[in-house]
Amino acid sequence: MTDRNKLKDRARDELFSHINRCGVLEAAEEDQKVWMDETMEYLGERYPDLGESDLRDLYTLGMRFCRPAIPHGRPGSSSDEVEVEVEAKVDADASTPVEEPQGETVGAGAGDA
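Its first residue numbered -2, the sequence shown is counted upward by one per residue in the working numbering.
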């Protein structure tokens, strides 16, 4: 791996870290774009050896990270619907009485009974 690729990988990792720490995943798409533009300026200053094409690639990666194929749990995502379904099932199961097992005692001391 060349030094340039290592540098680009480091900048990418830093970008993803900033996205997670700054709450960009929960932001509106327009706010994400503004944030990403400002962050690209910062990364360009922090990593001056990266070219414009490298920064464009990082921008694209960052925006894709903000809009994955499987949502990060944003409101209205399918993961929210599944969670509600599971909670409803758990609540329904909670009202069902649990019967005590009947029959022979099994385990330690079973022969003493």
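These are calculated hints, taken from the structure and not from any lab test.
Among the hints, erroneous ones may be present.
[As the list claims (entries may be wrong)] Simulated crosslink set (EDC-like; lysine to aspartate or glutamate; CA at most 16 Å straight-line):
# : residue 1 : residue 2
1 : K3        : D51
2 : K3        : D54
3 : K3        : D46
4 : K30       : D54
Only a predicted model underlies this, so the values are computations on that prediction, with no experimental measurement involved.
A quick look at each hint next to the structure:
For the hint pairing K3 with D51, the CA-to-CA distance comes to about 12 Å; that is within 16 Å, so the pair holds. With a CA separation close to 14 Å, the supplied pair K3 and D54 stays within the 16 Å bound. For the hint pairing K3 with D46, the CA-to-CA distance comes to about 11 Å; that is within 16 Å, so the pair holds. Between the alpha carbons of K30 and D54 the distance comes to roughly 14 Å, so the proposed pair stays at or under 16 Å and holds.
The structure is consistent with each of the numbered hints, conforming to all of them.
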